[in-house]
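Please take these sequences and the hints and turn them into a complete structure.
Taking the working numbering, I'd label the letters of the sequence shown as residues 2 to 595.
It is worth saying that the hints were derived from the structure and are not from the lab. In this text, a Cβ means the ideal position worked out from N, Cα and C, and glycines have one as well. One or more hints might be untrue.
In the BS3-like style, the derived pairs of lysine-lysine whose C-alpha atoms are separated by at most 30 Å in a straight line are [to be verified]:
id, residue 1, residue 2
1, K573, K457
2, K310, K463
3, K310, K324
Label pairs and their calculated CB-CB ranges [to be verified]:
id, residue 1, residue 2, range
4, S212, V188, 33 to 39 Å
5, E488, T342, 45 to 51 Å
6, L365, R244, 53 to 59 Å
7, A252, K217, 18 to 24 Å
8, R466, R382, 44 to 50 Å
9, M360, A444, 25 to 31 Å
10, L340, G421, 18 to 24 Å
11, E256, R209, 29 to 35 Å
12, A444, G398, 57 to 63 Å
13, G421, E488, 16 to 22 Å
14, E403, L428, 35 to 41 Å
15, I201, L340, 41 to 47 Å
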Amino acid sequence: MWLWRSVVGKLWLTILLLVSVVLIILTIMLLQYFERFHTDQAESHLMNHATLIATLLENEDTGEAALSISQTIAETYATKAVIILDGEHYLFAPEGVEENFPTSVFFEDESLAQVVNERETIVTQGDFSLPLDDDETSGAVMVVGIPLDISESDNASLYLYQSLEVVERATSQTKNIIFLSAGIAIVLTTIFAFFLTTRITSPLRRMRRASLEVAKGNFDMKVPILTNDEIGLLAIAFNRMARALNTNLNALNQEKEQLSRILISMADGVITLDREGSVMVTNPPANEFIGAWLYEQGYEVEESGDLPKELQEIFNKVVEEEKEQMGEVDVQGRSWVILMTPLYDQQYVRGAVAVLRDMTEERLHDKLRKDFIANVSHELRTPISMLQGYSEAIIDGIAETEEEKTEMAQIIYDESLRMGRLVNELLDLARMEAGHIQLDIEAINISEFCKRVLRKFQGVAKEHRIELVDEIYEIEKTILADADRVEQVLTNLIDNAIRHTSEDGKVTLRVESFHNGVKIDIQDTGSGIPEEDLPFVFERFYKADKARTRGRSGTGLGLAIVKNIVEAHNGKVSAHSKINEGTTFSVFLPYDHE
2 MWLWRSVVGK LWLTILLLVS VVLIILTIML LQYFERFHTD QAESHLMNHA
52 TLIATLLENE DTGEAALSIS QTIAETYATK AVIILDGEHY LFAPEGVEEN
102 FPTSVFFEDE SLAQVVNERE TIVTQGDFSL PLDDDETSGA VMVVGIPLDI
152 SESDNASLYL YQSLEVVERA TSQTKNIIFL SAGIAIVLTT IFAFFLTTRI
202 TSPLRRMRRA SLEVAKGNFD MKVPILTNDE IGLLAIAFNR MARALNTNLN
252 ALNQEKEQLS RILISMADGV ITLDREGSVM VTNPPANEFI GAWLYEQGYE
302 VEESGDLPKE LQEIFNKVVE EEKEQMGEVD VQGRSWVILM TPLYDQQYVR
352 GAVAVLRDMT EERLHDKLRK DFIANVSHEL RTPISMLQGY SEAIIDGIAE
402 TEEEKTEMAQ IIYDESLRMG RLVNELLDLA RMEAGHIQLD IEAINISEFC
452 KRVLRKFQGV AKEHRIELVD EIYEIEKTIL ADADRVEQVL TNLIDNAIRH
502 TSEDGKVTLR VESFHNGVKI DIQDTGSGIP EEDLPFVFER FYKADKARTR
552 GRSGTGLGLA IVKNIVEAHN GKVSAHSKIN EGTTFSVFLP YDHE
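Quick look at the structure:
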């Protein structure tokens, strides 16, 4: 029922039902009371009239006057009187029926006969068929019988009767008044109930609208305080709640944003899991990890919500043992260390948070450190062994002639120079990587500068039957750089190109303006660099296959030094190569190194 779905309907029906029940009970009681009241009043009136008439009749001094007065009393109050004297009777009313009046009724009816026979006063009701006015016979009547004490008759009696229609009319009028009053009361109650419920529910409806606005996030919504009763106090509490919610929500949003920023800025990956192992929160490094794993498994990002097998196993241990677990996962050639901690909800584990750290760089650094030590030891071991061997030969007198001694001394000298170059290059590289490189900045005409450097290699190129090609364009704008360091870069790259190019090959030096700087390409037609080794050519001690290198190979530090010098000038260096087709090293130097 729709009325029960609203507070107005419930209050209205409750009040109306309560008032209706009270009115029904009150109406029933009033009807019974007034019905008895009218009957008692009629009986009392008849008895009073009968007593008055009896008093008049019993008075010997009144005589005929008593009868006249008694008849007047009876007619005035619409009653009928009958006097019975020794079997005879006197009728005061109704007129015209004296001869046919059924006197026998008073002797035959048991209750009426008590007055004559037993000399008792009676009050009774019944259908005695006594005549009324206009020769009509009454239905139900009320009869009062009083014995008379008259000297002329021993069994005189007075009967006074009246139709019950008078009582019924009075009772009916009373009922109509009661029913009308009840109807008016119900109508007034309905109006009052609607007025009252509207007064009560109007602020409640405003609170409902305000609650919906608060649910939508509009915390500036306020409920007007119109009264100081409980509803007014409820409105005050609602407004305080809205302000508190706004404050708390702002604090939560700030904390959420702060946590989000922290997660985004973290270098480590973070994954939050629920108790079923579903991913709830991730940050970019974690997304990178999951994306790499999905790519490795051949899934699309939308196809699988599963965790990597190793991560799922760690999660299962965390849930079962309810303690921190650690593991390691290799994905796409990168090594991830995982530390997973349980999240508790009261008494049980509700999930876990996993921190993923990419240890690839650390492992690579450890490997590079070990390789560096091994490479340095290897590079120094050969010249030291040669120094030691030839020195012992001279000391032991194995070299007998001056020419042999001179040759051995020359070898010792060359190896010492080689060791010196290695040590100097290592020191230069260490200073560059530590950021201690000193640059003597000056303006350089890069076109003339590159031509001069290229001319230094004309003799070496002719000796090895290699063509040097000059594709140096005129660039009027000068660059700000350290001339010695730039010459070191060009010398290293051109020397590498010549050493890795076979006879009748070609080495090209191309210089041209590029954006806001100068691009220098050193291109050869040599053996090329394997594709798998190409990303590592600028690392320390990298060496190409000696089978592709003509002559003695270098220390493997040249390209690493080139990279550091170019980056110190805020430039970039890159390499492109194809096997048996050649290699191109590209260097970009800005006009202003700042």
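Results of checking the hints against the structure:
1. K573 - K457: holds, 25 Å
2. K310 - K463: Violated. K310 to K463 sits at ~62 Å, over the 30 Å cutoff.
3. K310 - K324: holds, 19 Å
4. S212 - V188: 33 to 39 Å: 35 Å Cβ-Cβ, so the 33 to 39 Å window holds.
5. E488 - T342: 45 to 51 Å: violated, 57 Å
6. L365 - R244: 53 to 59 Å: Because 56 Å falls inside the window, the suggested range holds.
7. A252 - K217: 18 to 24 Å: holds, 20 Å
8. R466 - R382: 44 to 50 Å: At 34 Å between Cβs, range violated.
9. M360 - A444: 25 to 31 Å: violated, 46 Å
10. L340 - G421: 18 to 24 Å: Given a distance of about 48 Å, which is not inside 18 to 24 Å, the answer is violated.
11. E256 - R209: 29 to 35 Å: holds, 31 Å
12. A444 - G398: 57 to 63 Å: The hinted range 57 to 63 Å holds for A444 and G398, with Cβ atoms some 59 Å apart.
13. G421 - E488: 16 to 22 Å: Given about 20 Å between the Cβ atoms, the range holds.
14. E403 - L428: 35 to 41 Å: Since the Cβ atoms of E403 and L428 sit about 37 Å apart, the hinted range of 35 to 41 Å holds.
15. I201 - L340: 41 to 47 Å: violated, 60 Å
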